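Visitor: Residue-level listing of the chains:
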Amino acid sequence: MTRPSIPLLPAQSWWLLVAGTLAVAPLAPYLPPWLSTAAAAALALRAWLIARRAPLLSRWVMVLLVMAGTAGILGQYRTLLGQQAGVAMLVLFVALKLHESKARRDGLAVVLLCYFLSLTTFFYSQSMTHAALLLAAVIVTTATLASLVDGRQAPPHLLRQSAVMLAQATPFLLILFLLFPRVSGPLWGLPRDAHSALTGLSDSMTPGSISSLSQSDAIAFRVKFDGAPPPRDQLYWRGPVLTAFDGRTWDRIPAKSRPQLPYSVPESGLYRHEVTLEPHNKPWLFALELPAELPPDSLMTDDFQLLAGTPVTQRQRYAVASHTDPMAGREEHRWMLSRAKALPRTGNPRIRALAAEWRAKHADDELVLREAISHFQRLRLTYTLTPPLLGPDPVDEFLFDTKQGFCEHFASAFVFALRAAGIPARVVTGYQGGEINPVDGYLTVRQSDAHAWAEVWIAGKGWIRTDPTAASYPLRIEQNLAAVVPAGDPLPFLMRVDLPWLRDLRFRWDAVTNAWNQWIIGYTPQRQQELLSRLGMGTPDWRRMTAALSIACGGVLLGLTLWALRQRRRKDPALALWRKATARLAQRGIGPMAWEGPVAYAARVAAARPDISAAIRDIAASYARLRYGNPDESQLAALRAQVAAFKP
Amino acid sequence: MPSPVPHETLDRIVAAAGRVILGKEHQLRLAIACLIARGHLLIEDLPGVGKTTLAHTLARLLGLQFQRIQFTSDMLPADIIGISVFEREKGRFEFHPGPIFSQIVLADEVNRATPKTQSALLEAMEERQVTAEGMTRPLPQPFFVIATQNPSHQVGTFPLPESQLDRFLMRIELGYPDRAAERELLAGTDRRLLADRLPPALSVPELVALQEAVQSVTVAPALLDYVQELVAYTRTSPLWQAGLSPRAALALVAAARAWALIEGRDYVLPEDVQAILPGVAIHRLHPSGEASLRMSAADVAARLIEAVPVP
Numbered sequence: 001m002t003r004p005s006i007p008l009l010p011a012q013s014w015w016l017l018v019a020g021t022l023a024v025a026p027l028a029p030y031l032p033p034w035l036s037t038a039a040a041a042a043l044a045l046r047a048w049l050i051a052r053r054a055p056l057l058s059r060w061v062m063v064l065l066v067m068a069g070t071a072g073i074l075g076q077y078r079t080l081l082g083q084q085a086g087v088a089m090l091v092l093f094v095a096l097k098l099h100e101s102k103a104r105r106d107g108l109a110v111v112l113l114c115y116f117l118s119l120t121t122f123f124y125s126q127s128m129t130h131a132a133l134l135l136a137a138v139i140v141t142t143a144t145l146a147s148l149v150d151g152r153q154a155p156p157h158l159l160r161q162s163a164v165m166l167a168q169a170t171p172f173l174l175i176l177f178l179l180f181p182r183v184s185g186p187l188w189g190l191p192r193d194a195h196s197a198l199t200g201l202s203d204s205m206t207p208g209s210i211s212s213l214s215q216s217d218a219i220a221f222r223v224k225f226d227g228a229p230p231p232r233d234q235l236y237w238r239g240p241v242l243t244a245f246d247g248r249t250w251d252r253i254p255a256k257s258r259p260q261l262p263y264s265v266p267e268s269g270l271y272r273h274e275v276t277l278e279p280h281n282k283p284w285l286f287a288l289e290l291p292a293e294l295p296p297d298s299l300m301t302d303d304f305q306l307l308a309g310t311p312v313t314q315r316q317r318y319a320v321a322s323h324t325d326p327m328a329g330r331e332e333h334r335w336m337l338s339r340a341k342a343l344p345r346t347g348n349p350r351i352r353a354l355a356a357e358w359r360a361k362h363a364d365d366e367l368v369l370r371e372a373i374s375h376f377q378r379l380r381l382t383y384t385l386t387p388p389l390l391g392p393d394p395v396d397e398f399l400f401d402t403k404q405g406f407c408e409h410f411a412s413a414f415v416f417a418l419r420a421a422g423i424p425a426r427v428v429t430g431y432q433g434g435e436i437n438p439v440d441g442y443l444t445v446r447q448s449d450a451h452a453w454a455e456v457w458i459a460g461k462g463w464i465r466t467d468p469t470a471a472s473y474p475l476r477i478e479q480n481l482a483a484v485v486p487a488g489d490p491l492p493f494l495m496r497v498d499l500p501w502l503r504d505l506r507f508r509w510d511a512v513t514n515a516w517n518q519w520i521i522g523y524t525p526q527r528q529q530e531l532l533s534r535l536g537m538g539t540p541d542w543r544r545m546t547a548a549l550s551i552a553c554g555g556v557l558l559g560l561t562l563w564a565l566r567q568r569r570r571k572d573p574a575l576a577l578w579r580k581a582t583a584r585l586a587q588r589g590i591g592p593m594a595w596e597g598p599v600a601y602a603a604r605v606a607a608a609r610p611d612i613s614a615a616i617r618d619i620a621a622s623y624a625r626l627r628y629g630n631p632d633e634s635q636l637a638a639l640r641a642q643v644a645a646f647k648p
Numbered sequence: 001m002p003s004p005v006p007h008e009t010l011d012r013i014v015a016a017a018g019r020v021i022l023g024k025e026h027q028l029r030l031a032i033a034c035l036i037a038r039g040h041l042l043i044e045d046l047p048g049v050g051k052t053t054l055a056h057t058l059a060r061l062l063g064l065q066f067q068r069i070q071f072t073s074d075m076l077p078a079d080i081i082g083i084s085v086f087e088r089e090k091g092r093f094e095f096h097p098g099p100i101f102s103q104i105v106l107a108d109e110v111n112r113a114t115p116k117t118q119s120a121l122l123e124a125m126e127e128r129q130v131t132a133e134g135m136t137r138p139l140p141q142p143f144f145v146i147a148t149q150n151p152s153h154q155v156g157t158f159p160l161p162e163s164q165l166d167r168f169l170m171r172i173e174l175g176y177p178d179r180a181a182e183r184e185l186l187a188g189t190d191r192r193l194l195a196d197r198l199p200p201a202l203s204v205p206e207l208v209a210l211q212e213a214v215q216s217v218t219v220a221p222a223l224l225d226y227v228q229e230l231v232a233y234t235r236t237s238p239l240w241q242a243g244l245s246p247r248a249a250l251a252l253v254a255a256a257r258a259w260a261l262i263e264g265r266d267y268v269l270p271e272d273v274q275a276i277l278p279g280v281a282i283h284r285l286h287p288s289g290e291a292s293l294r295m296s297a298a299d300v301a302a303r304l305i306e307a308v309p310v311p
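Protein chains in written order, with the numbering used here: chain U, 1 to 648; chain H, 1 to 311.
It is worth saying that the hints were derived from the structure and are not from the lab. In this text, all values refer to a predicted model and were calculated from it rather than measured experimentally. Careful: at least some of the hints might be erroneous.
[What the hints assert, rightly or not] Per the computed footprint, the stretches of chain U lying under chain H, defined by three or more beta-carbons under 8 angstroms from a beta-carbon of chain H, are:
#1 363 to 370
#2 585 to 595
#3 598 to 607
[As the list claims (entries may be wrong)] Sample of chain H residues with no beta-carbon within 10 angstroms of chain U, all distances over it, derived:
#4 Gly18
#5 Thr53
#6 Gly63
#7 Gln65
#8 Pro99
#9 Ala132
#10 Pro151
#11 Asp166
#12 Gly188
All C-beta atoms, glycine included, are put in the ideal place defined by N, C-alpha and C.
Here chain U stands alone, though its shape is the one from the complex:
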């Protein structure tokens, strides 16, 4: 039997348009601009046509549009398959299918496409904001589906219905989330350059070549301390160590990396913490200086850099213990020390002369170091994020002429001065400080907390951290950047301290985002295994997990069904008895029609089965009176007896 196609009402066309728009919109930033524009134009045109109650575009126009769109996507991606081209094709389909939707069947196709398209948003971003957008899109799409069933319902009613239905699906959502077998890594291969835009520290620095340091609020990593965190002036998060210097640029040296620590650590005074590192596309990990226990699958270099095996392209969580003063490197390689003393032959004569002066005054390296620190303090250097550019002798110019710079200038000049005095020294980059979020207790370290400091080798003591920025500007370390930067310097908006409500809001938002990252995005195969073994499933393989999944879903379904049945029964005991009696008749093939009233049904049964005619009429009469009339107490008991005796 072919059913006549049911035409779409204008309200249904609007619903479809809104659902399509909500499904396409979150993808717009990730599509080629021409496709986003074309999709927006197609949706706008559809809106205009619906508003004018105009007919659909002609078939030829549609064919041309589909061919043009497909050709465009083919030209862009050289394929119609794969993730990116596939999403682009889906966007094209949704935008154009709306233009040929005239019957309910077309509407259903659009709804299906919208659901699928909404899901593809997660290819590009799994942030909470995108999840919220997706939820909105799914609610509207479901409301659209409901409107296709009944186009005359008011929008608020449909939205409420859709939201309630999705809320009722929450148990299944939880079960599937917790139990669905997880694969590590994305299901679809991401393009190789997907992480190129990630921000973070680089592996070299050239103070003097940057006149304006752009500061970003982006989060570098979050830290949860076991117990009290160390004091703020000990919060140095070690990153790349820069030993090589060619006169302008500091660089890493190829240092050997190994799975053990190259130094020994005291047993006590450890700060245990867990770092959740945002992807930065570089191999190094950050930890409180200096790590005392390595996280699994990590390496330690000879110059004490913590490395992951591969570049960090996904949010990563690892536990570390650190000791803030392990006296590392007391027996340092001669090779390493000579690298840490190397300077170019020429350049920066003034600081070389000054260093020679210090050396002449003191024989002891430690005294030279102290002299250098106090000299830096006396120089009255200015901390600024917008220093002037420096010429061929950047250290001299910075120390004696411009006297303006940021931590990289300070660290670079300081290390140069010490090397000129013959003391091994190197630049360490990383982050300093961070902010405790009072809402969830996590310490948040942002890109704007990036810092560079110096490390000096003293015989018998090993490498000692010396922060020339702290020497000149203790506030930079005790508070944060905003405390030392002159007013008017560009600072990340959120670092301004004079908006307490904004800070509070930021703390809260951070805590929520962090929770999302920790529990939703961070629900990795390992976490799933942990959870399941805690639930007593040992180390489950995917078969057992699938079984558990099916059992749990079935259980929820059964529970809901029983609950619904109970609700129905609890409403009216007479109804339950009546159902019991009619169920027996249904087994004999004379069950009631859904629409049949009790008395009419009894008459039908009586005609078919004269032997039970009296019994069924009595039961129907009692039931009818109990359910629809003004019964007294005794009648329920009577019905119960009648039904008990009823053996058709």
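With chain U fixed as given, assemble chain H onto it according to the hints.
Guide: Chain H in isolation, oriented as in the chain U frame:
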């Protein structure tokens, strides 16, 4: 327990009417249910199947003061409501009440009149009063309109719009009599004469008592659930352009109560609702598709009933 009196009275009326209108007991019961539920009745069918006789019989049986208006296309509202005439002796205008000032008005072939004249009648039906020349005059109590009409596709008719059809509690169709009844009809005396000779079966206090008894018939929550399900279905089904209004739902309950009373019960069953549904609901629903346009009222009602489970 149900008072036996209303039930017996009603049986008596049905039996008396059945002696005039042959083989149409179900329609008679529906018509009587409509009247004791204080509703106006519309009888629609082809000419010659006994619409006017039925209306006549009902009027006689209820023992009420009775006027008949034959609607024609040249009729004016004043022909129904009445007119003020200058009385020379008294030296002022006197209102001469029209045929509407009657306890039962038989409006024959109501769809032959122009919409203007129809609306004069229909306003009276709704308000139970008449406004003419600035004076509002109450109509007698009780007040019933029994209207008859030909199917709207007949030539020379002005079909009643939905809003006015809504004022009739019920619309019933008579249909052709079966063979036996028709034979009896052909062999017997003229039905009109029989109807004229019919003695009233009811006094006015008895009628009022019946109407009050209808009000006290129990409507259980489970039954209201059912009525609401029916109404909700008409609102969501694509068969109709618009669903039943709350007024229509009220009409369903009122008519079902009257039907239950005729059936001798003091509570309403889903079967009662199903029995009156074709008469009460279908003329208020406007079909949306070609297919349902061709369906008879009984078929449409059956589809509606079979689509909604009894809760």
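Visitor: May I ask you to check that Pro99 of chain H keeps its beta-carbon over 10 angstroms from the closest beta-carbon of chain U?
Guide: Since the minimum Cβ distance to chain U is about 42 angstroms, Pro99 of chain H lies beyond 10 angstroms and the statement holds.
Visitor: With a Cβ-Cβ cutoff of 8 angstroms, does the stretch 598 to 607 of chain U contain at least three residues near chain H?
Guide: holds (count 3)
Visitor: Checking a non-interface call: every C-beta of chain U should be farther than 10 angstroms from the C-beta of Gly18 of chain H. Is that right?
Guide: Given that every Cβ of chain U is farther than 10 angstroms from that of Gly18 of chain H, nearest at about 22 angstroms, it holds.
Visitor: Does Gln65 of chain H really sit off the interface, with its C-beta more than 10 angstroms from all C-beta atoms of chain U?
Guide: 37 angstroms, holds
Visitor: Hey, does Pro151 of chain H actually stay past 10 angstroms from chain U on C-beta?
Guide: 26 angstroms, holds
Visitor: Holds or violated: is the Cβ of Asp166 of chain H farther than 10 angstroms from all Cβ atoms of chain U?
Guide: With a cut-off of 10 angstroms, Asp166 of chain H remains clear of chain U, as the shortest Cβ separation is near 19 angstroms.
Visitor: Just checking, Gly188 of chain H versus chain U, shortest CB gap more than 10 angstroms?
Guide: 32 angstroms, holds
Visitor: Tell me whether the statement that chain H covers the stretch 585 to 595 of chain U is true, taking a Cβ distance below 8 angstroms and needing three residues at minimum.
Guide: Result for this restraint: holds, n = 3.
Visitor: Count the residues of the stretch 363 to 370 of chain U whose Cβ falls closer than 8 angstroms to any Cβ of chain H, and tell me whether that reaches three.
Guide: Answer violated; 0 residues pass the 8 angstroms Cβ test.
Visitor: May I ask you to check that Gly63 of chain H keeps its beta-carbon over 10 angstroms from the closest beta-carbon of chain U?
Guide: Holds: least Cβ distance 32 angstroms, greater than 10 angstroms.
Visitor: Can we trust that Ala132 of chain H is non-interface, i.e. its beta-carbon lies farther than 10 angstroms from all of chain U?
Guide: 41 angstroms, holds
Visitor: Would the least Cβ to Cβ distance between Thr53 of chain H and chain U come out above 10 angstroms?
Guide: It holds; Thr53 of chain H is separated from chain U by about 31 angstroms at its closest Cβ, greater than 10 angstroms.
Checked against the numbered hints above, the structure violates only hint 1.
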